[in-house]
Amino acid sequence: MALFAAAEWFSKGTSLLMARPYLIGMILAGISMYLMLPPGSNRRRTAGSIIGILSLGFFCAKLGAGKLDVLAVFWILASVTLVSAAATVTSRNPVYCALWFGMTLLGTAGLFLFSGAQFLAVATIVVYAGAILVTFLFVLMLATPTGASVPDRLSWEPMLSAATGAVLVGVLTMTLGGLLLQTPATQADREQVMLANEHMAQIGGELFGRHLVSVEIGATLLMVALVGATAIVAHSKEHVPSKGS
Amino acid sequence: MPEDVLLNHYLLVGAMLFAIGLVGFLSRRNMIVMFLSAEMMLQAVAVNLVAFGRYHNDWGGQILTIFVIAVAACEAAIALALVMVLFRRSGSLDITFWQQIREEGVPPYVDQAVPESTLAPPSWPHLIPAGIEPPQPVLDQPDNDRPNQPRERTHV
Numbered sequence: 359m360a361l362f363a364a365a366e367w368f369s370k371g372t373s374l375l376m377a378r379p380y381l382i383g384m385i386l387a388g389i390s391m392y393l394m395l396p397p398g399s400n401r402r403r404t405a406g407s408i409i410g411i412l413s414l415g416f417f418c419a420k421l422g423a424g425k426l427d428v429l430a431v432f433w434i435l436a437s438v439t440l441v442s443a444a445a446t447v448t449s450r451n452p453v454y455c456a457l458w459f460g461m462t463l464l465g466t467a468g469l470f471l472f473s474g475a476q477f478l479a480v481a482t483i484v485v486y487a488g489a490i491l492v493t494f495l496f497v498l499m500l501a502t503p504t505g506a507s508v509p510d511r512l513s514w515e516p517m518l519s520a521a522t523g524a525v526l527v528g529v530l531t532m533t534l535g536g537l538l539l540q541t542p543a544t545q546a547d548r549e550q551v552m553l554a555n556e557h558m559a560q561i562g563g564e565l566f567g568r569h570l571v572s573v574e575i576g577a578t579l580l581m582v583a584l585v586g587a588t589a590i591v592a593h594s595k596e597h598v599p600s601k602g603s
Numbered sequence: 118m119p120e121d122v123l124l125n126h127y128l129l130v131g132a133m134l135f136a137i138g139l140v141g142f143l144s145r146r147n148m149i150v151m152f153l154s155a156e157m158m159l160q161a162v163a164v165n166l167v168a169f170g171r172y173h174n175d176w177g178g179q180i181l182t183i184f185v186i187a188v189a190a191c192e193a194a195i196a197l198a199l200v201m202v203l204f205r206r207s208g209s210l211d212i213t214f215w216q217q218i219r220e221e222g223v224p225p226y227v228d229q230a231v232p233e234s235t236l237a238p239p240s241w242p243h244l245i246p247a248g249i250e251p252p253q254p255v256l257d258q259p260d261n262d263r264p265n266q267p268r269e270r271t272h273v
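Same order as they appear, the protein sequences are chains B and C. Just so you know, we're using our numbering here: the first sequence kicks off at 359 and counts up by one. Just so you know, we're using our numbering here: the second sequence kicks off at 118 and counts up by one.
Hints may be right or wrong, so weigh each one.
Stated by the list, open to error - Here's a subset of chain B near chain C, in silico, CB distances under 8 Å, partners left out:
| # | residue |
| --- | --- |
| 1 | Leu429 |
| 2 | Leu478 |
| 3 | Thr482 |
| 4 | Leu565 |
| 5 | Val591 |
Said to hold, decoys possible - Estimated spans, in silico, between C-beta atoms of each pair:
| # | chain 1 | residue 1 | chain 2 | residue 2 | range |
| --- | --- | --- | --- | --- | --- |
| 6 | B | Gly488 | C | Asp175 | 26 to 34 Å |
| 7 | B | Asp427 | C | Gln217 | 52 to 60 Å |
| 8 | B | Leu579 | C | Arg206 | 34 to 42 Å |
| 9 | B | His593 | C | Trp215 | 12 to 20 Å |
| 10 | B | Ile434 | C | Gln216 | 40 to 48 Å |
Since the hints were made in silico from the structure, they are not lab data. For glycine and all other residues, C-beta sits at the position ideal for the given N, C-alpha and C.
Chain B on its own, in the form it takes in the complex:
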């Protein structure tokens, strides 16, 4: 609700800041990321998250309003994704980071499902959250350093990296709302093609019809990666220095 009120208020402005609310959002997003990165105390992290949510409101102000129920469901999924993403990047315990990333993957799977990409939603959960994330957790288990873990309590150049991220989001948001006048597909067309009943059959037909060579190359790539990963680990020499370093 507050977002749409802000949208109305901003659409009437003509000065630099009023016509471009993403500039304010950009500054706020940069400040919030800087506050949340380690070494952030709990109070800084809370302040950072509140400022982050405010900046999200500023970014959305000029995107245009549509059907509220559709956008409400979309923003429930999107806010789960974005909050988990921010928590992934700013957690101090790396296992927490991996678990928050799992939540981010669930959020993006929900976004895929919202677009009608049913296979991709399930594939994300099965492959990404089920295989890649578990591999991460295995490596975290095997590679836990003994003693104090300094790398998790500090971040290098938090101000510069937060500024870079904020500028990137600002620049990317500048282009929104000005899409070239193409003729987008209507919902009726979509019902025919993308949202039709046999989703798996159609994706399979496209994948193995138009993109057959890419599928074969992708399979070869997977095998090469498997062999390469095994070869890298098998031939490494063990050399752990003394604990005083």
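Keeping the supplied structure of chain B fixed, place chain C upon it in accordance with the hints.
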């Protein structure tokens, strides 16, 4: 609802996910968390692709996302293998350990004012012993053949 409104919202979410991943990659020192941020950037690209696929009613967005997931899996395998090798050599997941490959003329990054660990030490709850004590095995004499195993009760 005009068609490009939802597309704009999708693109905004993709952009923010990408920027959050970028910030994480640039600022975190743990190699695993850096790599998680890189995977998050790939996921943001996937969100954008699916949004455009939906907007143009074209299967190409989803197909390319399938390939992005496959390539991300390969990249995860090799990157984690490399992280394991680096961990074996250095004993820590800190990427500042390998600073000597930086550019010439850039001073090294030295830790200053490391904050104390604010994670509380694990405190285990104190449980009151409850229940019936189970029957203990009878140990008449220590058995040299099976020194650690309780002998069976052969007499009642």
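Comparing the hints with the structure gives:
1. Leu429: holds, 7 Å
2. Leu478: This hint holds: B:Leu478 lies near chain C, its Cβ roughly 6 Å from the closest one there, short of 8 Å.
3. Thr482: For B:Thr482, the interface hint holds, since the closest Cβ of chain C sits about 7 Å away, which is under 8 Å.
4. Leu565: holds, 6 Å
5. Val591: holds, 5 Å
6. B:Gly488 to C:Asp175: 26 to 34 Å: holds, 28 Å
7. B:Asp427 to C:Gln217: 52 to 60 Å: holds, 57 Å
8. B:Leu579 to C:Arg206: 34 to 42 Å: violated, 27 Å
9. B:His593 to C:Trp215: 12 to 20 Å: Check passed, 19 Å falls within 12 to 20 Å.
10. B:Ile434 to C:Gln216: 40 to 48 Å: holds, 43 Å
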